[in-house]
Amino acid sequence: DVKVTQSSRYLVKRTGEKVFLECVQDMDHENMFWYRQDPGLGLRLIYFSYDVKMKEKGDIPEGYSVSREKKERFSLILESASTNQTSMYLCASSPPDGINTDTQYFGPGTRLTVL
Amino acid sequence: AQTVTQSQPEMSVQEAETVTLSCTYDTSESDYYLFWYKQPPSRQMILVIRQEAYKQQNATENRFSVNFQKAAKSFSLKISDSQLGDAAMYFCASSMDSNYQLIWGAGTKLIIKP
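For the record, the sequence lines run as chains A and B.
My numbering puts the first residue of the first sequence at 213, with every later residue one more than the last.
My numbering puts the first residue of the second sequence at 5, with every later residue one more than the last.
Since the hints were derived computationally from the structure, they do not count as laboratory data.
For clarity, every value in this text was computed on a predicted model and none was experimentally measured.
Glycine is no exception: its CB is placed at the ideal position from the N, C-alpha and C atoms.
Just so you know, not all the hints are guaranteed correct.
Chain A stretches covered by chain B per the calculated footprint, using a threshold of three residues with CB under 8 Å from any CB of chain B [as the list claims (entries may be wrong)]: (1) 224 to 237; (2) 288 to 299.
Simulated crosslink set (DMTMM-like; lysine to aspartate or glutamate; CA at most 25 Å straight-line) [said to hold, decoys possible]: (3) B:K113 with A:D250; (4) A:K282 with A:D250; (5) B:K77 with A:E291; (6) B:K59 with A:D309.
With the sequences and hints as input, model every part of the structure.
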């Protein structure tokens, strides 16, 4: 089974702090994704990566950056956390074409509260 | 722009009965994938069922089946013999072109009445 882990289930930070959310997958997946989930708004894509050191902006990249130095790890960075970034953050990964193409596998999520 | 629409924000069903969740999508692609995901309260998002658009046969997974109407761009999820553990948010999603992204619906909250 695919396993996607996220560094924290719950996180509380203060406004202005730099925040790192880590995601690790163990299935050698090419593609990794960071979403933000808010009630009534579904899943919104922040960034995704289709290879090491590659990244693409999603629908709501403002205020976020990402890093992918190793294939299995995809980090989401909030350079200066703000209260409107309080949310649930979901990480996902998906395999290359030909094997369950486009199927995304999710981590447990990190509920971030910014005070 | 590609879109996925779930018109039912919330549905409820009596335990052991059957419920159908609706999803419509809009795409110009000829080959794509459709998904239903389940997110139980405070738990992980998991894949329920996956349909390949070029396959006419509807996908099934135990009590979960889909009614895929390609011409109508409709992809509904039927849950038979509903169980208390089926209570969750259900999200419909569609793959888009070739950049590995999925387009997501807003979700349907399914309530199971004991």
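>> Going through the numbered hints above, which ones does this structure break? Give me the numbers in ascending order.
In response: 1, 2, 4 and 5
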